[in-house]
Each structure stands twice: as C-alpha cells, then as structure tokens.
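S.K.: Just so it is clear: in the sequence shown, position 342 is 322 by the working numbering, and no numbers are missing.
Just so you know, the hints here were simulated from the structure itself, not pulled from any lab data.
It is possible that part of the hints are untrue.
Stated by the list, open to error - Estimated spans, in silico, between C-beta atoms of each pair: (1) 103 <-> 35: 19 to 27 Å; (2) 185 <-> 283: 42 to 50 Å; (3) 144 <-> 215: 54 to 62 Å.
Every value quoted in this text rests on a predicted model; they were computed, and no experiment measured them.
In this text, a Cβ means the ideal position worked out from N, Cα and C, and glycines have one as well.
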Amino acid sequence: AGVGSALSLSASNRIDHKDPTQVAALAAAQNLISHGVGNASTDEQIALGYLQVNTGNYKEGTAMFNSLLEQHPKLIAAYLGRGTAHALQGNLAAATKDFSAAIDIDPSVADAWKRRGQTRAALGFDAEAIKDLTQAASLSPDHECFHQRGIVFHKIHDYRKGLADFRKALDLQANNHITWNFVGLCENALGRTREAVIAYERATKLEPAFKEAWANLAQAYRDVGDREKAEGLFGKALGVDGMYVHGYHLRGLLYYGCGELRLALSDFKTGAQVDTSDRNCQLMQCVCLHSLGALSSAVAEYKALLKAEPSHQCYYQRELALWLQRHLDADMNALNPDVALDPYFKEAYCKRHPTTHPRL
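Using the sequences provided together with the hints, build the complete structure.
M.R.: Structure, rendered in structure tokens:
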C-alpha cells in the first residue's frame, strides 16, 4: 500500500448492503472499526468516515472527521482518517500533521507511525521516514511496515537493506506479487540477475496481469544479452496493456541497442503517441531519425520537443543535426567537426550545461 492506504474497515467485505450508513452501523456493531472507542454512535461515525475516504469521497470524509474532532479532540481514529484523506489528495504536509497528532496522543499506535512514515517518504524526508517505519515495525511487525521501509531503502539505493526488508515482508505475506517485484529490483541492482529473474517470475505467476514485472523480467534477460527472450517478455507486458508507454520505451531501447533502428523508431513513436507528455519516447524518436539520416524529420521532432520543454538537452543534438544538414554537400574528407564546431558548444554538450548560455 502506498501513501494514504485504505483504512481498516472489513465490514464492507462481509455484507451485501450498498448503503454506506448500513455498512458503518454493522461495522460498529461488530467492533470491526480500527481504533474505535467502543461507543456505538461514535464508532458508526468513524466507520462512515472511513468508508467515505476509502471510496474516494474525501471532502465528505474530511468533514465527518472534522466534526468528530470538535466533539472528541483526542480521537485517534479521526486524525488517522483525516490524515489519510489529505494524503490521498496530495496534501502531504497536512497529512503529516494529523498523523503526528495521533502519535502525540498515543505513541503506541503503530498505524500512525506507519502512515507518517509513508507520507514523509513521499515528501522526500527519507531518514525520518525510515525512523517512523522502524518504530511502526517494533510496535506491530506486519508485512506493510517492512515493505514500505524496503521501498524507502530502494529509493535511496541501499539495495541490501531494502532486500532484507522485502524478504522479511515475504516471511509475513509470501504471496504478495508487488513485494516479489521489489525483491527482483534489488537483486538486479546488486548484480544477481538469476535471483532477480526468479523473483520476477514469481511475481508474474502470482499476478499474470502485472505488466511492470513482465517488463522488469524482460529487462533482466536484456541485461544478459538474450534478445529473443527479452523481446517475447516485452510482448507479454504490452499484451497486458497496449497503452503501456514505459513498455514501448524499454522495448525500443532493446531494439536500438541491437541496431534495429526502424523497429526502435516504431516503438518510440507509438509511446509518444500514447502519451504526448512522455519526453523519453519523444527524445529517442528524434535520436532514431537522426541515426537513420532523416535529418529534416529529426530536426522537426527536436524542435517539437524543445517547444514543449525549452531547456531540454536535445538542443545540442538538434544543433548537430542542423550542422550536418548544412554540410551534406561538403567533401567529407576535408570536413572536421572537431575544428568546425565551437569549442564551448562541445564542452557544454559534454557537461550538459544549460542551453540558455549566451554563447550557444
């Protein structure tokens, strides 16, 4: 589960009522409310607030928790519910504040530590997130605590600690396909491709529609030089989702690395059409055209990319394409780019300097 994961309310899985009020009432009656207080009326309001948040009605859920906190200023469930609503809407600072309030009221509530840790990780406060998730794990060592802490370690490239946490998470929930995928990512980052392949295969076996795991498995085979196997696995990822832009980008890179520029161009072009904001596919489409010698088309695509993102580094490649285009009729034996090109241009290109420098 990511930031603002679903609040604990299992009544909705046990009954057939579609009326949220009925679900909430039954949940309160059966004591199925996470952090309930034992008062039927209050617990019913908590349950209804949880249901509103879990079904995407954040405004209504937040209003209910605000009302509860006016009546019960130290109601932990209300802080957790409102904080989760904030997190799911991207208001991470407010979410952190609510989770901190719950911790101040009762430091033994593992869920508050866990949710604050997830939120801090999303804000980029990785060290603080790890501390919070470690505290949560010490209070309630469940799958999610280790999984979420593993994600933070993976994010900061501490793959050994991340792998250890994902393995602990699997000890508690062995059939979690997302955790198996992260195990594969860590193993692959540590250079253990065989172990990564085993983990990805386990993830795809558990969830055949897991396109990211299929793509990661394909990447692993690409890394060991098995083009045929990688190509087939990328096909499976795209078979799951024909709009999977990252899949087209990765398969395009496979083709490009094998010198199959036209196949690569086809994939990058498809990816750019599916998502017009995807700069990776747009750039590689330009690069393929440039490599194929279609300089006019390449320049046009470079210009389109620069129009969308004026500071993009493809500026340098566009200038090189224009320079080559101007000298197509020149004697190649007498043409020396190292001499003809501005020295600062070459230095700026290599060092990836901003493209707004007055000398460019």
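S.K.: So, for every hint listed, does it hold in this structure?
M.R.: Here's how the hints hold up against the structure:
1. 103 <-> 35: 19 to 27 Å: holds (26 Å)
2. 185 <-> 283: 42 to 50 Å: Holds, since residue 185 and residue 283 (Cβ atoms, about 46 Å apart) stay within the stated range.
3. 144 <-> 215: 54 to 62 Å: violated (34 Å)
Hint violations for this structure: number 3 only, all remaining hints satisfied.
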